[in-house]
Structure formats: structure tokens, C-alpha cells
Amino acid sequence: MKPSFPLGHLKSEVDNPQFFFAQDGAKNPANELQASVQAFKKEPKLQCTFPARFQFLNQKLTLKLPTVPCIELDEFLRRLSGDAMSLVFSSAYPNSPPSMFGHTFLRIHRNGREVLLDESINYAAQASPDENTILFTVFGLMGGYYGGFGISPYYMKVNEYAYAESRDLWEYDLSLTKSEIETFLKHVWELNQKGQFKYFFFDENCSYRILTLLEVARPDWVLSEFSIHVIPAETVKKVLNTPGAITDIHYRPSLFSQMEAKWAILNPEEETQTWNLIQTPSSEALPPRILDAALSYFQYKKLQNKNVLVGKDQERFADLLMARSKLGVATESAAVIEIPDRPDQGHPPYKWSLGVGALNSRSKNGEGHSGGFQEFQFKFAYHDLLNEDRGYIPFSQIDFPTLNLRYSDALNSLWIERLSLFSVTALSPWTSFARSLSWKVDVAYISPKDYGCVDCHAAMIEGGAGVAGSLFSNQARAYGLVLAHVEAGSSIENTVRFLPQVQVGFLAQVVSHYKVQATLTRTQDVFQNARRKFFYTAEFNQSWAIRPEWEIRLMSRALRSKPSQKADAYLEASLSLNHYY
Amino acid sequence: MKNKNTILGSLILGAVIIFAYTQSSQAADSSSGCGLGWEVSQKQSLLSSAIRSTTNAFLPNTFSMTSGTSGCQKHSIVKNDEEAVIFAVNNQHSLMMEMAEGKGEFLNSFAQTLGCDASLYSDFGKFTQSHYSDIINTSSSDGIELYRQVRTQMESSPTFKGQCIPRA
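Protein sequence lines, in the order shown, are assigned to chains A and B.
Per the working numbering: the first sequence ends with 623, consecutive numbering throughout.
Per the working numbering: the second sequence ends with 802, consecutive numbering throughout.
Chain A on its own, in the form it takes in the complex (with noise of 0.2 Å):
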């Protein structure tokens, strides 16, 4: 959709009537073009207001209409105006909900400019920073904030996204020329002077934006249909499998990558040495490699506290600054950092599968039933804990909206396993540098093992927190979580109960490609007099990635509950082939 070239289109994006010259502009393009003329034709002044559509039609239409002078236009063309433009990727940031799925803007550079100093554009909701969580939720998502667009140089980008929340970013150059930014540039103005778009965090959000813009400066590239959600990763996957669009791709590490770097290159004595060196000053001569070390703990600690160091931490960075200072500029070859996957490698999003298994369940009153079943399971997004993590984070998981059904012949039964509405998992490991908690929501409507019947339903909402470890450098994470839990439902004994649990999990990324999860949680059930009780869950998963289209799974599940006299046990393991797109 082009908003402001309304040709061919039925409805435009834009949110207010200001933008349109006709009284049915926003929905008639025919209307909207032939007013467009007549007011430029009228009021030559327009142009200044509406240049790139001025541009569009007196090109197109041939209508040699004179041009004018328009000197906050040229002003702003002149300031803005470059001769390439790259689309930039802040990855994914795991504490926070908007920032989960990765941000997109655009840089515009000019030959010979140093590139911390080119501009930077951006689209993002217009809220408050002090809006309430909730009510940012609620309006982001249905559309209560309109979008605008900020310039500030790309210093200040990467500074909020590098440095102070330690995402990488990824800079990747398009062929747009010197002329297509300035027609972009030119509508990007018309937009902020007259234009209104409502922001809606599923689809017409930051990234999305974006692409319509490209669209308007090459309306060749089709680049901006999606059919349910914008997924930022989604639509720089879009602009790389547009032939010709992407000329080369850059890698800026965090802050984080950066100083991972330049402890990786120490060895385990000099890495003590370091630590000392935190802690308390040193008369030793020691190489600029184990300062450079140490100031990279503190910068990050710094940014990680809002650029505040206090007391002690204060003196010791200032201390070490100095020092460093004595010893020259480092001759030795710098840390090399690893450049990692790249947020386009990821698998796609849609997911459906189809699998086949067994289960077995027995209740304490001596029911019992066993079969084989067939399921299909449909999600729309994102990625979970057992997805191969190329171009996301690891060891996250983030669901949307998933269906699991179950057929199954030997107990005549067809029901929903699962619905889930959302599912976050958060598995940040924590470290000496970071001390990240990791984090667990989900809400879904479940069919409860523990209660001896198949398809059986409750309304089920989980949340809590706890610790991951990395291990077998960062190929594993060993972790626990206490979480809270509540199901209702005619199922359920008192239509409501109440599940507090705990977790330990280990989950490892194998060798490539084959990624192995085993689980175990007690369950405790309580306020229910009746069945006041535990159970233990037991999970083994197993994942083989053979694309990132296609993947064959092997789960298990086993419960069972305590007192083990009449307990109730279940036990189930399925096979499936799951593709995404």
C-alpha cells in the first residue's frame, strides 16, 4: 500500500483526512489524484508540502507544472540528503516485551562522513516514557498511539541500542541512489507534515513502516505484504530476497560482544590478574590487553547502571583510564570478535506439524486408558526452546498463538491439547558479567495429565522466575524456576486450583543442527482436600533441524503422582514432522 500515492489502491494507511485532497481521498484514488492536480495547479505552494507526490504526478502526468522555491524543504534536503542508505537491525532484546522481536531503521550516508555521524530515521509509537506498562501494552497493540518519525545521527542509535542495551546491530546496505533517497526523503517530509498513521505493534509498526517507504522510493520492490504479523526479522528477510536490493551486510557488535572479545583472548592466569586488577590497584606492569580487559567490565557495568558508577567502581575506571593512557595505543592485533548468525539466517515463523504417538493414562481410582493418537499443531509465530537458535536468542522461546489437536481411533476421541495463547520463556544465564534472572509466562487452555481422563480442559495461566547457567561454552543451559500456576475449569475439583511449581531444566544445542531438553518438575496441588497431594513431571525432548524449513521432533512426557498407593500415573511419547514458513 502507498499511502500517499493512491493510485490503484483502495484504502489508504493514512489515519487523517489532512493528507488528502478530496473528501473521499482516503479511499478513491481516482478522486484523490484528480484533486491533487487541481490543487497543485491552484496553490503552486503545495509542492512544499506534498513534494514527493508533486514529484510523482507532475513526472508521470507530464504536467510541467513550475516549480518553487521551498526553503524548509531544501533546508531539511540539504541536512538530510546522502548518497547511500542502509536498513539497520537491532537484534532482539530479552527483557522486554516490544523489544523481543528485533527494531528496524534506516541510515543515510554521505561519502566521506565518518558513519557514527550520518542520520539516522526512525519510526516508533509517539507515547510518553513514563506511560504505564499496561496502558502502552494495550495501546500499542490496538492502535491508541500514532507512529512519527525521529531523525538524530546514528551516533545516538548506536548508543541506545549498542551500548546501553547491548544489542548487536546489523547494517544492511541498499541500492538505493542518490535520487531515490531524496524522492524517500521528500515523502518522509510530506508524511510528517500532514500525514497520521496509527501504530499497531502486530503489523503496521516500526519495521513495517519502513518497507512501505522503500516502496515508494522503488516501486519496483514489493516488499510490504504480510498476511497476519510484521515480524522485523521477517521483513529484512523480505528486502534480502528482493534481487538486487541488499549490496552488502555490516556487523557492529554490542557492548556486551565486545567485551566478551576482549576477555576471550586471556588466559586463565591473565584473566585472574584481571579480576585483581578490578578489585585493587597494581604497581605490576601489566600489558595493555588485561587493562583493556578490565575497562571493558567497567564500561559495561557503567552503561548496564544508567552511565553511573559509584564509590569504588568510580575510582578503580578512573584509575585504570589513566593507567591505560601511560601505555601507548596497542601494537598487538586487537580482540577479534566472532561474528554470529545473522538475524535473516533464522528459521520462518508459521508453524504446522503433523505427528503420531501413544500415550497411556491410569487414574488412582484404577481408570486407565491407552492408545495411539495422530496431532496437528499450528502456531503463528515465533520460535520455542527447541528451535535451532541460528539469527535468534538462545535458549528463548516466544509463542504465539498455537493450536494442538489430538485424534485418536482407540479412545474415539478427537480433542484440543493445547491452545496456547502466549508462551515466553527467558533462559538468560547468569554470569560474573551479567546477573540475569530467567523468566517463564505462559497462558493456555490445557487438557491436565493429572487427573486420569484424556480430554479433559482448564483454562491455565503460569508465571515465575529463577537461574540458568551456561555451560559447555554457552552451547547448554542447566536452570530452575518456581513458578505459580492456576487452572479452572468444570474439570477441576472445585473449578479452580492452585499448582505453585518447581522446576529444573537442561537444555543443550548437542552438535548442530540436534538440540536435546529434559525436564522435571514436582507440582504441588494445593487446596484441594480431597486430593491434597504432588506430582512429578518428567520431560525428554529431542530436536533434529534438517532445513530451517523442516524439523522432526521425539517427545515424552511422564507423570505421576504421590502418595504412589492409587496414584495417578500418565505417560505419553510422540513422533512429528514440523515445517515452518
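Calculated directly from the structure, the hints in this document are not laboratory data.
All figures in this text were calculated on a predicted structure; none of them were measured in a lab.
Wrong hints could be hidden among the right ones.
[Unchecked claim] In the EDC-like style, the derived pairs of lysine to aspartate or glutamate whose C-alpha atoms are separated by at most 16 Å in a straight line are:
#, chain 1, residue 1, chain 2, residue 2
1, A, LYS236, A, GLU114
2, A, LYS279, A, GLU156
3, A, LYS343, A, GLU311
4, A, LYS279, A, GLU591
5, A, LYS368, B, ASP768
6, B, LYS737, A, GLU156
7, B, LYS737, A, GLU374
8, A, LYS240, A, ASP57
9, A, LYS87, A, GLU114
[As the list claims (entries may be wrong)] A short list of chain B residues far from chain A (calculated; beta carbon distances all over 12 Å):
#, residue
10, LYS737
11, GLU779
12, SER791
Beta carbons: idealized from backbone N, C-alpha and C, even for Gly.
Starting from the known structure of chain A, arrange chain B on it as the hints suggest.
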């Protein structure tokens, strides 16, 4: 798009309410009205990249440089040095690190805002390193002071005297 967004939005809201935690407020910009104060914005906040109100002005401070209305002009001791002052204020943390190391990307960019040609970047880096204690008054320095000291030191240096003149 609105209906779909409403439905999806309602579904998500429930979970987010559980997850919600308070965001920290944005601290005041302490650089006497010059600079854009990015570094104290919402790191702990849920709102992160979706909004950046202070830095999301359509035409920010740097834009009004040439008309002298940015508030930074009063700090520049050399004509046309506003961009350099703003750069120093907003990138003080990186400049301090790179000056101690004698080289770096932020240092090169700073040199460019001061009007230095690229051929002088390497010398500029070494120069700031060797004059580190003069440039950084580490107990209480701000970016403006950092800029001022650099300019002052450059004036008394044979390598830099008369060089590095920014254009308007």
C-alpha cells in the same frame, strides 16, 4: 487491520499483565541544556526501542545547529563547533575509553566534527592519549569540559594549531 489487532491484543494483554514490572523513570539530562540525554533512558523499561521520545523529535537539536538555537552554541569556543560539542556530550563514555587507548571509531568521528581531515585521525588519537590527564578531570567532568580541554590543548600543539577548522 483494527479487528485483528483488537483480538490479538486482548489475548496478549492477559499474559502481559502477569509479566508487567515497573519501568524506571527517565533521569534528567544534566548537561546544562545541551545534548540529548540518551544514556539515561529506559534500559530497565519495557518500552525500550518502541519509543524514544527525547531523541525522536522530527528535527532534533543538531538540526537547529546552524541557526544557533540548539542551546549548545553558547558552549563552543571555536566558531561552528556545535556539532563537536553535542558529540562530546553524548559520547563522553566512549571518548573517555578510546582516548585512554589512543584510537577508536568515536575518536575519529569526534575529530571529524572538530574539522580534522581523515589524515590526522591517527595523530589525533595519540595526541588525546598523551594529554589524557589534561583532558579528563576524572572526578567531575562532563562532555562540554572534555570538548573544551581538547580544543585548548590543540591550540597549543604544533601539530594541530591551525588545523581542524570545522565548516559551517
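Okay, the hints, checked on the actual structure:
Taking the CA atoms of LYS236/A and GLU114/A, the gap is about 15 Å. The hint holds against a cut of 16 Å. Taking the CA atoms of LYS279/A and GLU156/A, the gap is near 27 Å; set against the 16 Å cutoff, the hint is violated. Only pairs whose Cα atoms come within 16 Å are accepted, and LYS343/A paired with GLU311/A is rejected, the gap being roughly 23 Å. This hinted pair checks out: LYS279/A and GLU591/A have alpha carbons roughly 14 Å apart, not beyond 16 Å.
With a C-alpha separation of about 13 Å, the suggested pair LYS368/A and ASP768/B falls inside the 16 Å cut-off, and the hint holds. Under the criterion of a C-alpha separation no larger than 16 Å, the hint pairing LYS737/B with GLU156/A is consistent with the structure, at around 15 Å. The suggested pairing of LYS737/B with GLU374/A holds, with an alpha-carbon distance near 13 Å, which does not exceed 16 Å. The straight-line distance between the Cα atoms of LYS240/A and ASP57/A is roughly 7 Å, inside the 16 Å bound, and the hint therefore holds.
For the hint linking LYS87/A to GLU114/A, the alpha-carbon distance of about 12 Å falls within 16 Å, and the restraint holds. Taking the minimum C-beta to C-beta distance to chain A, about 5 Å, the non-interface status of LYS737/B is violated against the 12 Å cut. Under the 12 Å C-beta cut-off, the non-interface status given to GLU779/B relative to chain A holds; the minimum distance is some 15 Å. For SER791/B, the non-interface assignment is confirmed: its Cβ lies about 16 Å from the closest Cβ of chain A, beyond the 12 Å cut-off.
The structure is inconsistent with the numbered hints 2, 3, 10, although it conforms to all the rest.
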